[in-house]
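Chains as they are written, first to last, in numbering that gives the first Met the number 0: chain G, 0 to 443; chain S, 0 to 325; chain U, 0 to 298.
Do not rely on the hints blindly, as some may be mistaken.
What the hints assert, rightly or not - Label pairs and their computed distance ranges (CB to CB):
no., chain 1, residue 1, chain 2, residue 2, range
1, G, E69, S, A126, 22 to 32 Å
2, S, F6, G, E89, 49 to 59 Å
3, S, F6, G, Y53, 31 to 41 Å
4, G, S333, U, G19, 50 to 60 Å
5, U, I160, G, G242, 51 to 61 Å
6, S, I162, G, E89, 41 to 51 Å
Said to hold, decoys possible - With the Cβ distance kept under 8 Å, some of the chain U side facing chain S (calculated, not the full set):
no., residue
7, V98
8, A100
9, K116
10, E137
If you are wondering where the hints come from, they were derived from the structure by calculation, not from laboratory data. All values reported here derive from a predicted model rather than from experimental measurement. Where is the CB? At the ideal position from N, CA and C, for every residue including glycine.
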Amino acid sequence: MIANTSLVSQSRSSISLEAVGIPRLLKLFLAFAFVVMGVFAATPAFADSVGDEYENKILGNVKNEGTPLEGVRIIVEGNGYSAEVETDAEGKWSIGVPQSGTYEITLVEDTLPDGIAVLEGGATQTVEWGFTNTVVWNFFIGEGERNPTSQFDQFLMRVFDGLNFGLLLGLAAIGLSLVFGTTSLPNFAHGEMVTMGALFTMYLALAGVPLLLAFPIAVALSALFGWGLDSGVWAPLRRRGVGIVQLMIVSIGLSLTFRYLTQALLGGGTEQLPGALGSPEINLFRTVSLSVNDLISMGISLIVVIAFAMWLLNSKMGKATRAVSDNADLAAASGIDVDRVIKVVWVMAGGLAGLAGILWAYFRPGLKWDMGEKILLFIFAAGVLGGLGTAFGAFVGAMIVGVLIETSAQFIPSDLKYVGALVVMIVILLFRPQGILGRRERIG
Amino acid sequence: MDFNSIFINTAQALFSPVTIAFAMAALGLAMHFGFVGLLNFGIAGFMAVGAYGYAISTLTFGFPWWGAFIAAMVASAIFAVILGIPTLQLRGDYLAIVTIASAEIVRLLLLSTTWIETTGSADGLVAYADDFRSINPFPDGDYGFGPWNYTANQFWVLIFALIVLIISALIVWRLTHSPWGRVIKGIREDEDAVRALGKNVFSYKMQALVVGGMIAGLGGALYVLPSSANPMLFATSLTFFVWTALLLGGAATVFGPLLGAVVFWVLQAFLGSLLPAMAEVGLLGGLSSAQAGALRFVLVGILLVLIVIWRPQGMVGDKRELTFVK
Amino acid sequence: MSSNSNPKKAPEKSTGLHVGEAAPGVKKVDPILVADKVSRRFGGLVAVDVDHVEIPRGAITALIGPNGAGKTTLFNLLTGFDKPDTGTWSFSGSNLAGVPAHKVAKMGQVRTFQLTKALGLLTVLENMKLGAKGQQGENIFKSIFPFFWKKQEDENEQRAIEILERFKLLKLKDDFAASLSGGQRKLLEMARALMSNPTLVMLDEPMAGVNPALTESLLEHILDLKKQGMTVLFVEHDMHMVRHIADWVIVMAEGQIIAEGSPDEVMRNEAVVDAYLGSHQDVDLGVVTGRIELPNGKK
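Produce the entire structure from the sequences given, and follow the hints as far as they go.
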């Protein structure tokens with residue numbers, strides 16, 4: 000496909016008809032013919048374009064001094080979506096994306112011929128959307144030194160992204176882990192509890208509530224949601240003595256209910272919370288840069304986690320929680336009101352999950368009806384890895400999972416980066432189900 | 000409100016290849032959970048393996064239609080074995096988590112662009128049903144009456160799926176009413192007791208996993224046969240819907256999953272037509288018809304919660320058989 | 000309290016089972032089970048540490064000892080339900096160490112459990128038929144065609160009915176096992192174990208939780224096993240029962256075998272009494288374990 004703006008842009012990386020020396024009118028005609036042919040082309044060769052069913056596309060052409068480069072890898076990431084392609088024999092590539100927004104495009108310099116590098120802007124660049132549903136992006140390449148540490152910088156950047164993701168994952172995982180520890184229930188509706196936080200914030204913001212107020216109110220509402228779930232569903236079922244398997248399926252039913260309720264409210268598209276897009280980047284060191292949103296997000300996560308840890312360690316209720324999570328029967332025998340502890344746990348889990356949802360809506364960025372479904376398994380992976388039942392384990396597990404997911408994209412195709420975390424979770428459950436920090440249960 | 004079209008949509012769900020494919024998946028899950036007590040929360044993964052097994056063997060390897068069906072079954076069996084060997088010893092809740100994750104891994108692998116030439120990635124695969132259509136015994140024309148109208152190809156898929164379903168159900172019925180079934184029943188309740196009687200518990204569980212998996216895989220192939228295969232179809236929601244259908248009908252029976260699947264889809268079609276129609280005439284507050292469509296799945300979620308607490312044996316299950324052995 | 004009001008004929012005891020002095024680990028004339036250096040640790044706790052033990056064939060052997068002595072653990076090890084840390088043992092000459100539980104059962108060594116495992120969701124008759132060995136119908140391929148297994152199934156059903164009749168459970172045959180009383184379930188478990196024609200029957204506390212009225216019946220059945228040529232090894236706490244039917248007694252304490260011998264010898268053994276009481280006492284062990292002989296002869 001031809002980049003419409005290529006006729007106006009620098010000639011080095013795009014179609015350079017001047018080099019062929021053809022009269023101007025003929026060039027225009029040829030350009031037009033190319034466009035027409037491109038539009039009516041049969042299904043493009045597989046490897047150079049992906050996401051054809053999406054209306055929005057990012058595309059481009061990779062050429063060095065007019066020579067198209069084949070097999071160059073381009074990665075596009077953003078809004079919870081990631082895809083990659085390789086340029087075809089004419090150096091063309093196209094990636095369809097589910098929505099307009101901000102994306103990061105990376106040209107994998109290792110797939111360029113030797114001695115050729117991206118000359119301006121770096122191997123990873125940020126794309127903002129324009130007014131049409133197509134964005135053309137071309138990298139300026141030519142002979143030059145590749146920044147030999149760019150791989151490492153990329154890795155470092157991914158580590159920070161991973162830390163950011165891990166922190167918000169940790170908030171959700173702590174709640175999941177404590178719920179499991181105190182009630183033996185793997186809560187399959189936890190993803191939806193995360194979504195609720197973002198949803199509440201969105202509605203509050205729409206109602207005109209200033210953001211600084213909207214956040215705490217949304218978190219409080221999420222905590223209330225957790226309380227409501229326990230009072231209305233879990234506690235009555237516990238009293239009835241309903242078995243764990245049935246409770247698991249109840250949590251699945253709840254997950255379906257709230258997920259599709261969200262779809263009914265939001266539709267299929269992605270909404271943005273105020274200020275999610277266009278947050279200015281701050282350069283930290285080398286080429287690692289984080290947006291202001293990211294920094295605030297990580298800061299909030301850290302503060303909340305530390306505050307929660309202090310509560311867990313020092314307060315009476317916190318200690319009771321740890322006791323129940325460790326061994327409910329023993330805790331009950333020593334006089335702790337287990338039901339009350341469980342209620343507190345659900346309130347905490349709701350609030351933490353809600354906060355995680357808000358932060359995630361800024362991280363992706365975006366809020367979508369099935370965002371809970373997407374994150375659920377990673378919350379589980381974090382909890383399992385750290386040790387279901389221990390809050391500290393959940394935090395550690397989440398950090399590892401977050402960094403693992405993001406950095407694995409360095410070594411494996413980026414759209415497989417989530418698979419790694421799931422595989423790790425399965426392996427842990429098979430060989431060390433108590434996770435890193437959990438205690439070995441006597442089985443039988 | 001157009002009651003006529005609501006009626007037609009609902010009635011069509013009664014005899015639809017999708018319903019039958021769903022019934023196959025539910026039957027496979029019945030073998031896993033209803034009869035052996037395995038918490039398989041990854042049934043969508045089996046369906047995906049079967050569906051793509053059929054499509055890929057046709058498109059990439061040029062198998063004939065019968066070869067593709069066999070490939071779908073073999074692929075499902077292999078998936079069952081790979082999944083089963085490490086996980087059959089796991090306790091219930093861990094098995095649930097592992098199976099969900101496994102199904103999701105399958106979906107992510109199919110979605111990835113890494114093998115896009117074979118899998119089609121997000122675009123999926125189409126046009127693999129030609130050989131199947133070529134053996135259609137029904138001449139061109141319209142079939143059916145009343146609300147049920149099919150072209151020759153649609154009719155062929157329907158009849159074929161129905162035959163496969165009946166054979167599968169018969170096999171499961173025979174299996175569960177035989178000494179093999181007796182061992183399985185014992186295993187569900189107490190593995191150690193059965194072990195002490197000289198039966199290789201692991202082997203039986205694996206056999207059940209493979210049989211159920213193959214049936215679910217065939218279901219997946221039938222699911223996509225009339226249309227196209229796409230990773231989006233096999234998300235965790237699909238697994239949860241199959242579970243709902245199974246529990247609704249009666250998990251530890253042969254007829255239950257079939258009944259549950261039919262009732263589930265008929266309800267879906269009914270609500271899927273009724274709710275948007277109600278929204279359009281303003282009966283549902285300010286909801287748009289698209290939003291109303293999503294409401295039916297909200298009701299599915301609530302239905303699942305209600306069934307599992309108040310009627311765990313489903314519509315045709317026996318209460319004494321304790322669908323959920325604690 | 001057992002109702003021994005009608006003095007029954009005392010059971011014939013087997014004698015001459017051992018070779019040489021009766022001591023822990025003594026060799027048997029015709030051992031069916033021989034175990035060497037079997038040990039099992041749980042964390043720091045030594046549950047079982049048996050140097051050598053032999054179980055005599057065709058006799059009823061009782062395995063006794065205070066709680067926590069390691070009896071059930073030894074049971075689990077010998078039947079393949081648990082893996083030992085060290086040790087080898089053989090059953091009728093075949094090496095059993097590391098053999099999984101179901102294979103051990105297939106070889107003719109069946110066991111029952113302390114907490115009865117009658118399968119409540121199956122009927123009594125189904126429970127029985129499950130116990131039969133070598134069923135063609137249990138093969139997944141053959142099971143689809145009744146032609147392959149119908150005849151065997153009918154034969155098994157006949158045998159099941161015979162055994163049920165002996166155990167006086169026949170009229171309950173179509174009831175779900177869950178609806179049976181505790182004692183009836185014990186009987187069912189024992190009856191079911193017989194379906195496979197075992198050579199060695201290992202009973203883990205067969206009297207636990209059984210009301211005294213059924214004790215008599217259970218004892219008779221155990222004696223019956225010996226009459227039919229099977230070897231019995233059972234774990235028990237009830238000393239009078241042990242004295243009544245056991246030919247040989249093996250005493251365990253803290254994971255080790257501390258005494259072996261005929262019931263009378265063992266009961267008077269000082270080491271054994273110590274193990275139960277922790278100090279020198281000149282008492283009849285029967286008193287210690289809770290049964291007192293009343294003046295009128297009832298216990």
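Results of checking the hints against the structure:
1. E69(G) with A126(S): 22 to 32 Å: holds, 28 Å
2. F6(S) with E89(G): 49 to 59 Å: holds, 54 Å
3. F6(S) with Y53(G): 31 to 41 Å: Between F6(S) and Y53(G), where Cβ atoms are some 36 Å apart, the hint holds.
4. S333(G) with G19(U): 50 to 60 Å: holds, 55 Å
5. I160(U) with G242(G): 51 to 61 Å: Between I160(U) and G242(G), where Cβ atoms are some 36 Å apart, the hint is violated.
6. I162(S) with E89(G): 41 to 51 Å: Cβ of I162(S) to Cβ of E89(G): about 50 Å, so the range 41 to 51 Å holds.
7. V98: violated, 12 Å
8. A100: holds, 5 Å
9. K116: Because about 4 Å separates K116(U) from the closest Cβ in chain S, which is inside the 8 Å limit, the hint holds.
10. E137: Given a least distance of 5 Å, the restraint on E137(U) holds.
Against the hints set out earlier in the document, violations occur for numbers 5 and 7.
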